[in-house]
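Asker: Next come the chains, spelled out residue by residue.
Protein chains: 2
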Amino acid sequence: MNLVAENHNDHIESIVRAVLKPVGSPGIYAQTGLFEQVIEGLTVFISRRREPGTEVWKFPPVMSRDQIQNSGYLQSFPHLLGCVSCLDGGESDIRAAVERPDWIGGLEATELVLSPAACYPIYPLVAARGDIPTKGLLFDAASYCFRREATYEIDRLQAFRMREYVYIGMPEPVLNFRTRWISRAAEMATQLGLPHRIAPASDPFFGRAGRIASISQLEQSLKFELLVPLQSETEPTACMSFNYHRDHFGTAWALRTAAGETAHTACVAFGMERLALALFATHGVELKNWPAAVRKSLLL
Amino acid sequence: MNLVAENHNDHIESIVRAVLKPVGSPGIYAQTGLFEQVIEGLTVFISRRREPGTEVWKFPPVMSRDQIQNSGYLQSFPHLLGCVSCLDGGESDIRAAVERPDWIGGLEATELVLSPAACYPIYPLVAARGDIPTKGLLFDAASYCFRREATYEIDRLQAFRMREYVYIGMPEPVLNFRTRWISRAAEMATQLGLPHRIAPASDPFFGRAGRIASISQLEQSLKFELLVPLQSETEPTACMSFNYHRDHFGTAWALRTAAGETAHTACVAFGMERLALALFATHGVELKNWPAAVRKSLLL
Chain A
1 MNLVAENHND HIESIVRAVL KPVGSPGIYA QTGLFEQVIE GLTVFISRRR
51 EPGTEVWKFP PVMSRDQIQN SGYLQSFPHL LGCVSCLDGG ESDIRAAVER
101 PDWIGGLEAT ELVLSPAACY PIYPLVAARG DIPTKGLLFD AASYCFRREA
151 TYEIDRLQAF RMREYVYIGM PEPVLNFRTR WISRAAEMAT QLGLPHRIAP
201 ASDPFFGRAG RIASISQLEQ SLKFELLVPL QSETEPTACM SFNYHRDHFG
251 TAWALRTAAG ETAHTACVAF GMERLALALF ATHGVELKNW PAAVRKSLLL
Chain B
1 MNLVAENHND HIESIVRAVL KPVGSPGIYA QTGLFEQVIE GLTVFISRRR
51 EPGTEVWKFP PVMSRDQIQN SGYLQSFPHL LGCVSCLDGG ESDIRAAVER
101 PDWIGGLEAT ELVLSPAACY PIYPLVAARG DIPTKGLLFD AASYCFRREA
151 TYEIDRLQAF RMREYVYIGM PEPVLNFRTR WISRAAEMAT QLGLPHRIAP
201 ASDPFFGRAG RIASISQLEQ SLKFELLVPL QSETEPTACM SFNYHRDHFG
251 TAWALRTAAG ETAHTACVAF GMERLALALF ATHGVELKNW PAAVRKSLLL
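Residue numbers (the numbering used here), protein chains in the order written: chain A, 1 to 300; chain B, 1 to 300.
Calculated directly from the structure, the hints in this document are not laboratory data.
Keep in mind that the hints are not guaranteed to be accurate.
Same chains, same label: a pair holds when it works inside one copy or across any pair of copies.
[Unchecked claim] With a straight-line Cα cutoff of 25 angstroms, these simulated SDA-like cross-link-like pairs (lysine to any residue) come out:
{"#": "1", "residue 1": "Lys58", "residue 2": "Gln37"}
{"#": "2", "residue 1": "Lys288", "residue 2": "Asp131"}
{"#": "3", "residue 1": "Lys58", "residue 2": "Thr151"}
{"#": "4", "residue 1": "Lys135", "residue 2": "Ala150"}
{"#": "5", "residue 1": "Lys21", "residue 2": "Thr110"}
{"#": "6", "residue 1": "Lys21", "residue 2": "Glu51"}
{"#": "7", "residue 1": "Lys58", "residue 2": "Phe160"}
{"#": "8", "residue 1": "Lys288", "residue 2": "Leu300"}
{"#": "9", "residue 1": "Lys296", "residue 2": "Arg48"}
{"#": "10", "residue 1": "Lys58", "residue 2": "His283"}
{"#": "11", "residue 1": "Lys58", "residue 2": "His248"}
Let the hints inform the model, and build the full structure from the sequences given.
Answerer: Okay, structure coming up:
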């Protein structure tokens, strides 16, 4: 590691110490009031760019295990999924379990998992409504998310907030939705004073078969990311992503357009903690020293 | 059930249908933009009443299992605790697990649980800092919480947001903190146009021993609740609670005052979804028809 990189890491670590606090588990942080002010500013900043006719949904951090399985998540990302387990049974069963030092062996899986992304509950909600109108459907989804990552760098949390805009409809307007959000997102990063670039990307699909899926995803240009140097210049952090799912969710949930075809879907996702950290890393931890235009954009 | 109660339940159910949407699991709802507007208004309404010198923390929906055990939660509420379980191991282990229809049998408990209340992570954070100053410490804590309840009525969710003000210090100022928040909370409910009363209460401690703990808690006046008729007049819903923990957390975390005594703690907790539902139940689902003073209080 050269001196420049070391200084950069020191800088990031001092930033993190000022706005986040480790609370006894890797990748889990308590967030200061200062950090939350920036998250709230970002929330409004993103809301103001919501397209007309968008339906707003906020989801709790847990969701139906059946729904996540039906979405194909278990096949693609089994290593990342967090499930909710509880002590079940009558009073004597639970009391006996708790008395054992290895009480966690008595846990049983519930019908719930921790949501791995904000948009998953949208598709079954829409499926229950019938056909997708010809002009398509726009959604704004927000949720706390959980992913059991193998490592937890400063920009990779176990629990984090994701905000998404989702479009469901015919392939061409779905691709147009993604294209205009890529260009809008780059403008947003510029307004926030964040150095950035857009790059093709792939999801961390599981295992050997997953590596083939990732290559195919890259070849088909299904995923792009907006990258901001946070931990390092050479490995910048994905703060937004732009995902074309083709007919993946349409097929999983039998989403049909009015013309009787399987609907396509796309989403733009904002990583709230990563965006906030990118702002602190770029502009420092004293809000009063941030560029006036950035503060105005974030109502700070 | 008499006709009045039936009509009341119809009213509540039509309210819920307008602002929440079941998403495939009992006690789990997607929340509409309208519901979120009211939650955001409540958030600001509560923040404006924050006392000077309060330190603000926001916590993710998961926390350390060791911390929750050390807090005594497992002994008191083992039936309510949600733990995070994952598929662990190498690629072939996880792939093999996923291929089995009973793959959930391969889940293993992680070091994380879902937070059952917003204030639990505060005490170990404070313990790591050394003695409590003579004037005590004030905190503002917010978190998504999870409780595995036995039944899920409209006012009893599995996942919900809790906001808390917490005081840590000597017994007398701790009790004063709680007393002034009881009176302030009643004023807040009045400002929001919510019919309410304050009543002694007890926690749903587990099992037979728990019933004795509940009686003792009532006898010692350790818990009060602000109740609003939501589902029924005879069984009103606790929308806020006022809890004196005595030296429970002080002993668990060796919190010491500057005078060398074990610190006492108290908290006031706001159930965000319950307060929002109480507002909709009282004033209807058309914000424009709400009393002007209530709308002003909530910036709506």
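Asker: So, against the hints stated earlier in the document, which numbers end up violated here?
Answerer: Of the numbered hints given earlier, those the structure breaks are 2 and 4, listed in rising order.
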